[in-house]
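Both chains are sitting in their own frames, so use the hints and assemble them into the complex.
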Amino acid sequence: MENISPIISYFIRQGVPLDTVIMLFMLPIIVTLIAFFRQVVGIKAFGIYTPAIVTFAFLAIPQLRYGVVVFVTVIIVGMLMRYLLKRLKLLYLPRMAITLSIVAFSILLLLAMGGWMQRTGLAAVSIFPILIMVTLVEKFVGTQIEKGNRTALLLALETLAISIVGFYIASWTGLIKFIVVYPWVILATIPVNIFLGKWDGLRISEYVRFRDVLKNM
Amino acid sequence: MLTLLKNRKKLLGMNARNLDYVRPYNLKKSKLVADDKILSKRILKKAGLPVPRLIAKISNNEELEKFDWAGLPASFALKPNRGFGGEGIVVVYGKKKGREDAWVKASGDIITVDDLKNHIRNIIDGTYSLSNTPDVAFFEERLTLLKLFKPYSFKGIPDIRVIVFNKVPVMAMLRLPTKESGGKANLHQGAIGVGIDLATGTTTTAVLGKGRHIEYVPKTRLLLSGIRIPYWKDILKFSVQAQEASGLGFLGADVAIDKERGPVFLELNARPGLSIQIANLAGLKERLERVKGIKIKTLERGIRVGMDLFGGEIEEEVEEISGKKVIGVIEKVKVIGKDGKEAEVEAKIDTGAGLTAIDFDLARQLGFEKTVEEYQKLDVDYEKIKDLEKAEKEDVLKGIPDIVDTAIIHSSHGTTLRPMVRISFVLDGFVIPAKASIIDRSHLEYPMIIGKRNLGRFLVDVNK
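Chains as they are written, first to last, in the numbering used here: chain A, 147 to 363; chain B, 777 to 1240.
This is chain B alone, in the form it adopts within the complex (with noise of 0.2 Å):
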């Protein structure tokens, strides 16, 4: 109940978006480009955002007469100019084999030129749009589904919404068409919304429809967190450009990803729907008010405060489940040596290395000089000593001061024998107590690497 209480205040509804959010920052002339497809498209690709192309449109019943059926391609989307919410929409995938007036819908249904007639009357009458007012019907060029959206979307083509506000990308969510929604990407038809790490461009958590949280796509097991959606800076970066080519300063952009074209920006909104919360179990208004009076002069810097602010979750939630620290290549540690002696630095993590291994240098600083001193004096030649026994081994190094274990240690270099000193050091807010072993590495870009017996507490993300 507290939390309940403490977390509204982070989540935007319907009034806040309105009278705080639509009503300052989309003054009236963006929203007219907005609720304007065919305008909106032309801003847009002449700002240069890769946009559907237009097949053709008809605005009145005398152009709907003289219309040259037979022009039209195989596949193509019809749409109203001013419809909204996905209505009146109707997508045909190829002709009717055999037949120059018919074409086939995603639900396998026939529609023919007779059928796209009376649709198109309906839609000029004003049917689908805003208010009821008369409308235009325009072809556009129909997309094509990318493979890796295949097995989780019916019908359809998903898209991704982009909420962009003073320029920075706050919240994203993929929208897959689901067969209730009649193939359509519009959560209150029935879609599936499913959440974006804004930095990685990962999916989270799930939401169907309007309330609903799921896992996997219904009726499968395939999992909906964790699919990497591609180019997925160019789609932020073209939401943003898109907020700049529109005016609207607070923006619901829609970005497709076709097969042969890559991302293609879709629409935009200027009024944005709030489940994208819901999908991202996320608040809005708490993010909006964290981007709010930032001076961001450069596209760039925009995308990298979205990324930087709402990002990283999905470590987080890894770090939950597993108990364990995501940490990356490399990584900067403390590290504790005789006496409390202390030293920062940059180490490699090594998952191919069994050991911990220091540098002379770093060595000496954390009060092992004598260790150092003692072990270059002996000047072990490997080649000399590999036919002893192990114990004989062993006692080459005996005598060297602070030593508790020795080591041979092949690499690339070749073969070494190496004294071990007693260290800790402190990764990620753990300290890991551990067996370093010495060797020379001024060679090497970093004076340490730590190796897999070190690192049971912690998972490697190589892109981190």
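Bound-form chain A, shown alone (with noise of 0.2 Å):
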């Protein structure tokens, strides 16, 4: 680590811990990566917060596998209460609050089952990724609410994509090695954005959308 960069043993001098800088420092590339999802290729997830805490929360989980599995529980029984506190009729924030509350019991019951699997890299999960997973629940059933079961679980699967590729490049050392040595190559993503942000052509999946009407005008 001979070529770190002033700004950075800077920050570690002041005590902020390597991981933290790096973190910060990947933000922009995530977000970014996230904006140049839907605006060039097309999908669309929930917003730019949700992948990007989803993507955060799978660095934060030893292996990815699990984070996969503890994202899947809690959209699975999110679906699930819906159907079930349907009938009971219930005022939006309420249904809410019991919602997340078997979302919690549910994700207990998965990492004792991941013990008892001898899974023990499972039950290590640290809190916050779970939390912050958890409450995902309430952006998958609102979008539920508002645009369909199907749409729903659209988006929740390209969450669960960007979230993936987010992970890898977040976690890709070569990479973190060359932000170590150069940050201030985080700056490119602005004018990244600025195009991005301007960018008016179709995106990759109208390709696909819009198929027919481009073979037929």
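Don't take every hint at face value.
What the hints assert, rightly or not - Taking lysine-lysine and the DSS-like style, the derived pairs with C-alpha atoms no more than 25 Å apart in a straight line are: (1) B/Lys782 / A/Lys344; (2) B/Lys893 / A/Lys293; (3) A/Lys235 / B/Lys872; (4) A/Lys232 / B/Lys893; (5) B/Lys1108 / A/Lys190; (6) A/Lys293 / B/Lys782; (7) B/Lys785 / A/Lys344.
What the hints assert, rightly or not - If you only want the chain A side, here are some residues facing chain B, beta carbon under 7 Å, derived: (8) Tyr229; (9) Leu231; (10) Lys235; (11) Tyr238; (12) Glu304; (13) Trp345; (14) Asp346; (15) Leu348; (16) Arg349; (17) Glu352; (18) Val359; (19) Leu360; (20) Asn362; (21) Met363.
Think of the hints as simulated: they come from the structure by calculation, not from any bench.
We put the CB at the ideal spot given by N, CA and C, even for glycine.
Right, here's the structure in full:
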């Protein structure tokens, strides 16, 4: 680590942990990636906050697959709860409170099950990434109400996909080393985003959506 | 692949819609109007547009508790004021028999006052509003289904979406509710979108939901193309008027047709969906760019421009399928006579006549002066020769120059024996060789009629 950039070593001398510094430098890359997926590829996910936070939750869990298992469990339980609670005809917030509680218990069961199946890694997952994912349920159920099951499920899968890509990028040692040496490169994400923000071409997904029109116009 | 690259410039994508049209042309003030259904109802009504009648509104829990349920009519629609995409709407068709506190929904389910109260609480809490902000619930008059649309739609009312830009209607589609869409006319919920030819108001191609092309209403043999939408011009007029009243430069106007009231303006959309392009198999961007910057002074002019620029595809389609040209009742033709002599005239397309006929004057212009002269000299009175054999009749005109045949024509003016000459005429790009009878048509409006025998390559559209 002899090439370490002076700005990074300054942060470290001030007592900021290296991991934190790297995470904060990764954030612009992750959110730019999400913006790129939306504007150019056409993968929507739940806005920008959710895929970004899920990416960081994945990074905080020892193994990616445990993160994915927790994510999938949260979505499935959230979906089931919507059906179960529908008949009670409750108002939105109390209903959501019940959903969140049940999701929390399910995750606890999941962790215990992991221990029982000798997957101790699962039980060792720290609390904050889990809490982050539990709160995902509100986003998911809200989308279910507004846009229907199919869209909500599709957006959940898209969020998962983007977060996995984000996870691999943010945990790529080559990139981490590069940032430690040239942290200013991160500023390049700003012109990239200005370009994305002015981009008015068709998204890749739109070539698929409008294929009949494109062929028969 | 090459056409794909060429056509992508004509298509409007989500990025271009937001960046190049919604942002610059739909200012925040106008967007607020579009997102507030009660407010837009008031503004449109003031501009003289017919809108569904507002029955009552409930803004908070206190009003909900005091609400007079007995005052509600047997049928109504309950909507969230700032709802979007058709979510949170409840439509009831009548009171449940023998009960004062229950109604029947489109699905046949019963909905009670308690259910309604619960739903309204959710609306007030903002469950269905943009960004979940507190909202107002309102009741409005339920529209009744037009007989024409009955076989095509499942519960619910179809509506017509018209995209208006720069006072010009640029694209339109008919939206038909289906079982999948739960009686709602929103494409993303599974409704059918049918493209409309702007000039005639006739439906063309159709899409189910957001992607699949269909020709028939699912599980039936009902063809979706060729439906003639009634009040078409009024629908376009209302759409352009709504643009003027709302200030939305890039507007998606929704108009429904009520059985009794005729066209009724439903809703303003500041961010109209893009699937209309799939329904019409046409690109919006190309159309928007053609209309951009044109100075449109009056409403009528805007409608005219839209109809002229973006209509007529149906005709081309018919021509493509049948291999025949569609022509009107009166057409301009170039007639070629003796020695290449030409004349341009308006001809009447007459499917009631067998043969083509031309006036004396026109015949002279075409180099048949001698024929006309000799024929006039003979001054044949049909009454005198009517008992002759066919060959003998033909002999009467023998000796007239350039004659190729004779014809006996029975018309409302009586029967005549006429000479025929060889001509050809150019109609809509086709050169048609013909034998034409010569007769005095000076008292008639058109110097030429084209009869059945020479119309084999054409289809006649009487509206053209």
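Results for each hint:
no., hint, result
1, B/Lys782 / A/Lys344, "22 Å, holds"
2, B/Lys893 / A/Lys293, "23 Å, holds"
3, A/Lys235 / B/Lys872, "21 Å, holds"
4, A/Lys232 / B/Lys893, "16 Å, holds"
5, B/Lys1108 / A/Lys190, "56 Å, violated"
6, A/Lys293 / B/Lys782, "34 Å, violated"
7, B/Lys785 / A/Lys344, "16 Å, holds"
8, Tyr229, "17 Å, violated"
9, Leu231, "13 Å, violated"
10, Lys235, "5 Å, holds"
11, Tyr238, "5 Å, holds"
12, Glu304, "15 Å, violated"
13, Trp345, "6 Å, holds"
14, Asp346, "4 Å, holds"
15, Leu348, "4 Å, holds"
16, Arg349, "6 Å, holds"
17, Glu352, "5 Å, holds"
18, Val359, "5 Å, holds"
19, Leu360, "5 Å, holds"
20, Asn362, "5 Å, holds"
21, Met363, "5 Å, holds"
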